[in-house]
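Construct all of the structure, not just a fragment, from the sequences and the given hints.
Quick note: the sequence shown uses the numbering used here, first residue 32, plus one each step.
These aren't lab readings, by the way, just hints derived from the structure by calculation.
Treat the hints with caution; some may be incorrect.
With a Cα cut of at most 25 Å, we get these calculated SDA-like pairs of lysine to any residue [to be verified]:
id : residue 1 : residue 2
1  : Lys47     : Arg68
2  : Lys71     : Phe56
3  : Lys60     : Ser79
Quick list of the computed label-pair ranges, beta carbon to beta carbon [as the list claims (entries may be wrong)]:
id : residue 1 : residue 2 : range
4  : Lys46     : Pro99     : 30 to 38 Å
5  : Tyr63     : Ala43     : 21 to 29 Å
6  : Arg53     : Glu89     : 27 to 35 Å
7  : Val54     : Thr100    : 24 to 32 Å
8  : Lys78     : Val51     : 17 to 25 Å
9  : Glu96     : His69     : 41 to 49 Å
10 : Thr77     : Pro99     : 14 to 22 Å
11 : Met57     : Tyr98     : 30 to 38 Å
12 : Lys92     : Lys72     : 17 to 25 Å
None of these values were measured; they are calculated from a predicted model.
Backbone N, C-alpha and C define an ideal beta-carbon position, used for all residues, glycine too.
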Amino acid sequence: MQTSRKQTKGKAVRKKKPRVHRVSFMFNKEEYKAFERHLKKYGIKTKSKWLRSIIMAEIWKKMSEDYPTLFNEEEMR
Numbered sequence: 032m033q034t035s036r037k038q039t040k041g042k043a044v045r046k047k048k049p050r051v052h053r054v055s056f057m058f059n060k061e062e063y064k065a066f067e068r069h070l071k072k073y074g075i076k077t078k079s080k081w082l083r084s085i086i087m088a089e090i091w092k093k094m095s096e097d098y099p100t101l102f103n104e105e106e107m108r
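So, in structure tokens, the structure goes:
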């Protein structure tokens with residue numbers, strides 16, 4: 032999802048789109064410890080921003096892989 036940009040005195044300014052849909056999930060004890068360890072090791076301060084970027088990167092990757100093409104790979108063989 033891209034944010035829209037507006038020009039202000041030669042500088043691009045992002046207009047933020049409000050986030051209104053909540054998504055939540057649960058970790059077990061070991062998963063949470065690994066999650067916290069990773070955040071601390073890499074100095075990640077904002078969990079939600081980091082999780083959102085990781086999840087959306089995977090979604091965009093899968094969407095581009097699944098994008099319909101003119102020819103199927105199987106037809107090319």
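Hints violated by the structure (numbers, ascending)
1, 5, 6, 9 and 10
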